[in-house]
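**Q** Fit chain B to the known structure of chain A by using the hints.
Residue numbers (the numbering used here), protein chains in the order written: chain A, 3 to 394; chain B, 62 to 472.
One should not assume that every hint holds.
If we take Cβ atoms under 8 Å as the criterion, some of the chain A residues that face chain B in the derived model are [said to hold, decoys possible]: (1) Gly101; (2) Val245; (3) Lys246; (4) Lys250.
Think about it this way: if two alpha-carbon atoms lie no more than 30 Å apart in a straight line, the pair counts; the simulated DSS-like pairs of lysine-lysine are [claimed, not checked]: (5) B/Lys308 <-> A/Lys231; (6) A/Lys231 <-> A/Lys246; (7) A/Lys231 <-> B/Lys259; (8) A/Lys246 <-> B/Lys228; (9) A/Lys231 <-> A/Lys250.
Worth flagging that the hints you see were computed from the coordinates, not collected in a lab. For each residue, glycine too, the CB sits at the ideal point set by N, CA and C.
The lines below spell out each chain.
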Amino acid sequence: MIKRVEVQYRGVFQKTLGKYIGGDIVQIASRMGKVAFSNGRYSDAPERNGIPCKYFAFVSPDLSEAELEAECGSSYNADNVDVSVVVDDAMAQGVEPWGWHGIRPVNEKVGHKACLLVVTRRNHEHLLRFTAKKPQPYRLATLEGDASMAGLWVFKDDLTRERCLGAVAAVDPGIISIEAVEEYLLDTGKDADRARAARDAYEATLRRIKVVNPDQGIDWPHEIPVLPKWHEFEEGGVAIPAVKRGFKLGPRGQNRNDGFKHGTSKTERPVVRFDLCIKCTLCWADCPDECFDPTDDGLYDINYEVCTGCHKCADVCPVKECIVMVPELQFEDEKSPWEQHKKDPAGYIQWAEDKKGSTRIRYRHVTGEGVEKYKATPVPRNMDGPGQKEAL
Amino acid sequence: MTTAAQPTDVWEHELLLTGCQAVSHAVKLADVDVIAAYPIRPYTEVMDQLSQLIADGELDAEYIIADSEHSQFEIVKHASSVGARAFGGSSGTGWMYGMEALAVTATDRLPPLFLVGNRALDDPGAFGVEHNDAMSVRDLGWLICWASTAQEALEHVFIGYRVAEDKRVRMPMALAMDGGFLTHAQHMVKVPTLEAVKQFLPPYDLGDRVLHPDNPISVAPQVNEDWVMELRRQNWEAARRARGVIKEAYKEFNGVFGSHGSQYDNPYFTEYMTEDADAVLIGIGAVCMPTQTAARRLREKGHKVGYVNLRWFRPFPTEELRACLGRFKGVGVIDRDFSQGSPDNGGILLQDVRSCLYPLRGDGPNVINFMGGLGGRDISIDECIDMYERTLAAGRGNVPEEIVSWIGLRE
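So that you can see chain A by itself, here it is in the shape it has in the complex (with noise of 0.2 Å):
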């Protein structure tokens, strides 16, 4: 019997608690007399800033350490697993992390009655909202907490390596058993607090898992592409089809790569009140993926579809207030927003401050000093900016 696990993780963000997962699992498999290996998706791009990327854990009671690695380590992916362990949960919007492989449901891998177990503080309901039908049933569970964003190439220690380690012993003890969980983290970690995180995670999990049935979920909208055959593509294959070039004023006037959305690693995405709008185009100017449209009236609309949530137009906008970064699983299409802008100058104020809210959370994604929350301070309806004069 082999039971595989995949951590779902953000790229370089998480990529050690996406390695400390694995390895944990395998270390404490091992102190239970299991064999046990682990590795990550090789042909992830873990360095890059939030692409969605993979880590495996596959362990047997039964099989030698030569035949686990043939069923498990002679492919660069998992077909099929028994838990998949999401640490962040807009990526049950869909995970794209390489051109080709187009938008994938996050539940993709996950067998028959098998888990997915995420991290999140929203319920399974609206977590349903964005994951795809699937024609067996299969279990969600959550465990209840944020995305753990690290800087580059370190690791948050906030205790959600420890916590994810007490859930995966909730949904399938058949891989690890929550009292060997404990054991290794006295052991190894020196601090009652991680076994008792752990364990904490584990009661809490147990009562956090529902079935799935087939009829729950959404029907997946995005195309999976089919990779051609070695004669149905013109030779000199390393050529491709480009982008052509073309550019006209509006949403989505610009021509991008369809092959490579890109859109999927994003935890959060820019807010944009096009009224505050003072038309300066730093936000046009820095964002690295070019997701900004220039319209006829002077803004710029945001293509949330290869936006990757990079946070660089929130940090150069010079206007309080006017891009603020939301959670992406707030949003459940990627309409764009200057359209709604131009629809209902008034509704669309309204609706960007009720998705912005009163809380503003930013990650530090690259010092990894923790979240930062503080209270916004709200900006009157700005009647006179450039932005609404011309809306208007």
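**A** Here is chain B on its own, set in the frame of chain A:
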């Protein structure tokens, strides 16, 4: 320079040229657009001659001196990708220094032509001929062809570009020439008219793959395991198809140039006195001169020996060479290269020849191997006679336990 032959509508004149100069004149007639250069002997004379042709106003081409072979080959590759007919070249360790660029030129499926003036791989310093430099790209998706006279070198610039640029092939071409013996020896060489070359060699057209602002494409993105197998297979097919394209090219060449110049009966190799032969030697490059003379002398004494001068090394002429060598009892393979620690410790050519003959098994010839001429060491007529005699003996069943012997070694 003299003009010995009467001009025709195909051959303009006959000039006294070194192998390098012959290649340079061919590059001019092939209307090459971009030349990147970095000196290393023996290739250097090609770049010298080309710069002179440009200075004299005879050739209109971009001529770029690079800071190293690596940059030189990258310039050639990129020029080829924008639709320019591009030319480069090198020798020995210079060629090896640009290896990364050589590898990607092949995987990018671009068809520039490079002159490889064969040179020993330093250290220690040595600029005589060895074939390891050109052979180092043999697995990478390159066309590799050896000229064995200056005339052939000139003609194979046209043949090389034509085959490499063919839509069914699109692989880079290494035209190799023995350093010293061919690169630096002066011979009378027939130079064709521009009209004849144009008739034979169509303009370079990369089609939809041309990198140009009006045709925006992405070349060589990251693809990993999702695509690499399919790309390798395409390259594999191209290398297979190249055999047929080569045949077509020589047929056409004979039609355009043949009445007054070279006639190539067999594009891949030339057989010399092989009819009814009991034993043959097979080799590459300028060693054909002493081996053929030795064959003549032995034939005069009644020994049935002949020589096979292999021209195309990639694609390897598997079926043709199997049919050819399968006729003989003994085959002696001359390697002007080394492959240390290889099966039976033989040279690179030995391995391919034996692999090619393997399906014949017991019905095939006995094969032995001669390592010789390394670093430019001469291979004398007498040594060739010795090799023939040993190969005849092997053909009669006297195959030595150690099938590799060293020729011309101080021992």
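**Q** Confirm or reject each hint.
**A** Checked hints:
1. For A/Gly101, the interface hint holds, since its Cβ comes within 8 Å of a Cβ in chain B; the closest pair sits about 7 Å apart.
2. Against a cut-off of 8 Å between C-beta atoms, the interface hint on A/Val245 holds, since the closest Cβ of chain B lies about 7 Å away.
3. The closest approach between the C-beta of A/Lys246 and any C-beta of chain B is roughly 6 Å, which is under the 8 Å cut-off, so the hint is satisfied.
4. A distance limit of 8 Å between C-beta atoms decides the matter here; for A/Lys250 the minimum to chain B is near 17 Å, and the interface restraint is violated.
5. For the proposed pair B/Lys308 and A/Lys231, the alpha carbon gap of about 29 Å is at most 30 Å, so the pair holds.
6. For the hint linking A/Lys231 to A/Lys246, the alpha-carbon distance of about 24 Å falls within 30 Å, and the restraint holds.
7. For the given pair, A/Lys231 sits about 37 Å from B/Lys259 by alpha-carbon distance, which is inconsistent with the 30 Å threshold.
8. Among the hinted pairs, A/Lys246 with B/Lys228 is consistent with the structure: their alpha-carbon atoms are about 24 Å apart, no more than 30 Å.
9. Under the criterion of a C-alpha separation no larger than 30 Å, the hint pairing A/Lys231 with A/Lys250 is inconsistent with the structure, at around 35 Å.
Violated hints for the displayed structure, listed by number in ascending order: 4, 7, 9.
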